[in-house]
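Now for the letters of each chain:
2 protein chains.
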Amino acid sequence: MDDLNFEGYTCPLPIRPTETVILGHGSGGTLSRDLLNRLFLPALGKAAPRALDDSAVVVMDGQRYALTTDSHVVSPLFFPGGDIGRLAICGTVNDLAMSGATPVALTCGFVLEEGLSFNILQQVVKSMQDAAKEAGVYIAAGDTKVVQKGGADKLFINTSGIGKIPDGINISGSNAKEGDVIIISGTIGDHGIAVLSAREDLGFETALESDVAPLNHLVQAMMNAGEIHVLRDPTRGGLATSLVEIAEQSHVTIEIDEQALPVRPAVKAACEMLGFDPLYVANEGKLVAFVKESNVEKVLDVMKKINYGADATIIGRVIGIEKSRVRMRTAIGGTRLVDMLPGEMLPRIC
Amino acid sequence: MDDLNFEGYTCPLPIRPTETVILGHGSGGTLSRDLLNRLFLPALGKAAPRALDDSAVVVMDGQRYALTTDSHVVSPLFFPGGDIGRLAICGTVNDLAMSGATPVALTCGFVLEEGLSFNILQQVVKSMQDAAKEAGVYIAAGDTKVVQKGGADKLFINTSGIGKIPDGINISGSNAKEGDVIIISGTIGDHGIAVLSAREDLGFETALESDVAPLNHLVQAMMNAGEIHVLRDPTRGGLATSLVEIAEQSHVTIEIDEQALPVRPAVKAACEMLGFDPLYVANEGKLVAFVKESNVEKVLDVMKKINYGADATIIGRVIGIEKSRVRMRTAIGGTRLVDMLPGEMLPRIC
Numbered sequence: 001m002d003d004l005n006f007e008g009y010t011c012p013l014p015i016r017p018t019e020t021v022i023l024g025h026g027s028g029g030t031l032s033r034d035l036l037n038r039l040f041l042p043a044l045g046k047a048a049p050r051a052l053d054d055s056a057v058v059v060m061d062g063q064r065y066a067l068t069t070d071s072h073v074v075s076p077l078f079f080p081g082g083d084i085g086r087l088a089i090c091g092t093v094n095d096l097a098m099s100g101a102t103p104v105a106l107t108c109g110f111v112l113e114e115g116l117s118f119n120i121l122q123q124v125v126k127s128m129q130d131a132a133k134e135a136g137v138y139i140a141a142g143d144t145k146v147v148q149k150g151g152a153d154k155l156f157i158n159t160s161g162i163g164k165i166p167d168g169i170n171i172s173g174s175n176a177k178e179g180d181v182i183i184i185s186g187t188i189g190d191h192g193i194a195v196l197s198a199r200e201d202l203g204f205e206t207a208l209e210s211d212v213a214p215l216n217h218l219v220q221a222m223m224n225a226g227e228i229h230v231l232r233d234p235t236r237g238g239l240a241t242s243l244v245e246i247a248e249q250s251h252v253t254i255e256i257d258e259q260a261l262p263v264r265p266a267v268k269a270a271c272e273m274l275g276f277d278p279l280y281v282a283n284e285g286k287l288v289a290f291v292k293e294s295n296v297e298k299v300l301d302v303m304k305k306i307n308y309g310a311d312a313t314i315i316g317r318v319i320g321i322e323k324s325r326v327r328m329r330t331a332i333g334g335t336r337l338v339d340m341l342p343g344e345m346l347p348r349i350c
Numbered sequence: 001m002d003d004l005n006f007e008g009y010t011c012p013l014p015i016r017p018t019e020t021v022i023l024g025h026g027s028g029g030t031l032s033r034d035l036l037n038r039l040f041l042p043a044l045g046k047a048a049p050r051a052l053d054d055s056a057v058v059v060m061d062g063q064r065y066a067l068t069t070d071s072h073v074v075s076p077l078f079f080p081g082g083d084i085g086r087l088a089i090c091g092t093v094n095d096l097a098m099s100g101a102t103p104v105a106l107t108c109g110f111v112l113e114e115g116l117s118f119n120i121l122q123q124v125v126k127s128m129q130d131a132a133k134e135a136g137v138y139i140a141a142g143d144t145k146v147v148q149k150g151g152a153d154k155l156f157i158n159t160s161g162i163g164k165i166p167d168g169i170n171i172s173g174s175n176a177k178e179g180d181v182i183i184i185s186g187t188i189g190d191h192g193i194a195v196l197s198a199r200e201d202l203g204f205e206t207a208l209e210s211d212v213a214p215l216n217h218l219v220q221a222m223m224n225a226g227e228i229h230v231l232r233d234p235t236r237g238g239l240a241t242s243l244v245e246i247a248e249q250s251h252v253t254i255e256i257d258e259q260a261l262p263v264r265p266a267v268k269a270a271c272e273m274l275g276f277d278p279l280y281v282a283n284e285g286k287l288v289a290f291v292k293e294s295n296v297e298k299v300l301d302v303m304k305k306i307n308y309g310a311d312a313t314i315i316g317r318v319i320g321i322e323k324s325r326v327r328m329r330t331a332i333g334g335t336r337l338v339d340m341l342p343g344e345m346l347p348r349i350c
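Line order of the protein sequences matches chains A and X.
Sequential numbering from 1 applies to the first sequence in this note's numbering.
Sequential numbering from 1 applies to the second sequence in this note's numbering.
Hints are computed from structural coordinates only; laboratory data are not their basis.
There may be inaccurate statements among the hints.
Identical copies carry no separate label here, and so any pair may be met within one copy or between two of them.
[Unchecked claim] Quick list of in silico lysine to aspartate or glutamate cross-link-like pairs, EDC-like style, CA-CA up to 16 Å:
1) Lys-177 - Glu-255
2) Lys-154 - Glu-19
3) Lys-149 - Glu-114
4) Lys-268 - Asp-130
5) Lys-154 - Glu-113
6) Lys-164 - Asp-61
7) Lys-298 - Asp-311
8) Lys-164 - Glu-200
9) Lys-304 - Asp-61
10) Lys-305 - Glu-113
Using the sequences provided together with the hints, build the complete structure.
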């Protein structure tokens, strides 16, 4: 942004040059992008179209496929509403779905710490099985490595996946158009706060559950109902980071309405207590959609009939194409710029 | 095996039922298979054909694709002849090549420990770039997670990949035929001993280098030269474990000749000193091929002209189809049964 506007600008974590990896490099926000731009993309990224989308697009025999990978290191392994197994399946299914792809097959790679109990592993695998069944995907290949005690924190799971992109579908972060209406599929911040409360034993677990869920069936119904330009699941970095990414990829100005953002009272209370902004807290069963204005009612109707879209609501629109930025009309009537998550707010939430 | 023959049978590690994960579960041998059969396959494996091959086969739009995943946790990160980056690319390229597939795209998922120096990460990424270039593959998608200091041992890399299986190619561990001639592409045990010597500072590093290399070009040339029934890269568990797996998958009796096994003097000396058997030590740039008898000379000729196949040699053949087992004619004229690696000989070699 060459026209930085400090109106309402806050800097919860100053960014300093660093010679070592810090937790913020895994945040999904500015530091993650810095690592990507500084190190990974120059060396490894040359041939990947849509390198900043949730999935890459690979063309084989004239057919487009989405390809994605995600490592899961959430702590604790089990949290209200889910566990690392459900997260590992849903995360990858959702990344594929966000490019409009129908998931075809997943792979999973386990890194296990010596001494992990089979009982825990069995629960996680059972949970993966259930989530895969719900999403209608199968796991085609797997791998297991074991490191000595202390060499890893219990259990990490990588899930990669491939999905087929139907002909005529063109959904990408770079495809937002002026006039698009922005829909969120439900309340924000549930996952991050649920994991944090389980980890830190904050005592409000009962009211808070992670939203971790596979969204591919919801996406399929939405695509059947209307023209969708952008889909993204606002995981690490939260809704704010996703919107800023889309604004930058599509070169558009986005305006959202703070009062329209659906936030559960328990999440709101927890965020106020902890000094977090729900806009930056991770979700694992929500999507943000940029929909052609004339199709919005049909898309919303369909979403509300599906469990994971029952609370879908309009939160804003694309108001211009001059500047790549996200503005928010605040509850008290002002306007502030929304930026990416700069550092790390909640480590190891996925 | 219902006709266990204890002639020459040794048991370097007794197998006990365990309620927790032990290092041997990542060995690629009997304990790995136990974990696979007991836990992963019942829950997750139902739909995967060739679940015991290096890659799974997925059919999309009538075209067969190989899909594979591998997590890399090698310690130390750098060893003579390679590093975790080269290993991560080659391991996945080779798994795809072992099903006759032409690699199309890879994904990589990093798990980084907080405090890892960028300098190390940069070297690893550079090494991935070089290996990908050598293999002619590209990395389509990536992911980075950071865990707090002590939560992981420096750096883990998952690489998954997809490759296209050419029409008419049918290479699988279950495809060995009576009369097939067995070729190894070069010396065995180099990788495992090189990593171990670097890790334990055994003082014979200079003479020993890992063989880690991408074998896809070698495989392509072999497939052009003759009919290949089985390909496998004998990584974890070594050549012995790969041969036992193939004997079981194909229901054949394999006989190999101990004196024909190519082992570097330095590897032989190290194995004798440490009490290891090179048959069980991991390789990362070797393949074992089961070739139609009448095509062997042509295939061998082609292999010897390619750097990674220069030392290719015949080590045995498929002598029958009655019993799934591997026999070895020993140097002193006897015969012994070869079994899988039962537990863990060298942890974290890949």
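Problem set entry | Homo-oligomer pair classification [Asp-311, Lys-298; C-alpha up to 16 Å] | Within one copy only: 15 Å inside, 66 Å across.
For this session: Check Lys-304 against Asp-61 for me: Cα-Cα at most 16 Å, and say if that holds within a copy, between copies, both or neither.
Result: Neither, since 37 Å and 33 Å both go past 16 Å.
For this session: If the cutoff is 16 Å on CA atoms, where do Lys-164 and Asp-61 land: within, between, both or neither? Let me know, please.
Result: The answer is both: 12 Å in one copy and 10 Å across copies each meet 16 Å.
Exercise. How do Lys-154 and Glu-19 come out at 16 Å by Cα distance, when the copy is not named: within, between, both, or neither?
Worked result: between (28 Å within a copy, 15 Å between copies)
Exercise. Using 16 Å as the alpha-carbon threshold, which applies to Lys-268 and Asp-130: within, between, both, or neither?
Worked result: neither (30 Å within a copy, 48 Å between copies)
Exercise. From the Cα coordinates, with 16 Å as the cut-off, is the pair Lys-164 and Glu-200 best called within, between, both, or neither?
Worked result: neither (40 Å within a copy, 47 Å between copies)
Exercise. 16 Å Cα cut-off: does Lys-154 pair with Glu-113 within a copy, between copies, both or neither?
Worked result: Intra 5 Å, inter 14 Å, cutoff 16 Å: intra and inter.
Exercise. Given a CA cutoff of 16 Å, do Lys-177 and Glu-255 count as a within-copy pair, a between-copy pair, both, or neither?
Worked result: Intra 13 Å, inter 66 Å, cutoff 16 Å: intra-copy only.
For this session: Have a look at Lys-149 and Glu-114 and pick one of within, between, both or neither, based on CA distance no larger than 16 Å.
Result: Cα proximity of Lys-149 and Glu-114: one copy only (5 Å, versus 18 Å across).
For this session: Up to 16 Å between alpha-carbons, please classify Lys-305 paired with Glu-113: within, between, both or neither.
Result: The answer is neither: 43 Å in one copy and 43 Å across copies each exceed 16 Å.
Going down the numbered hints, you'll see the structure goes against 4, 8, 9 and 10, while the others check out.
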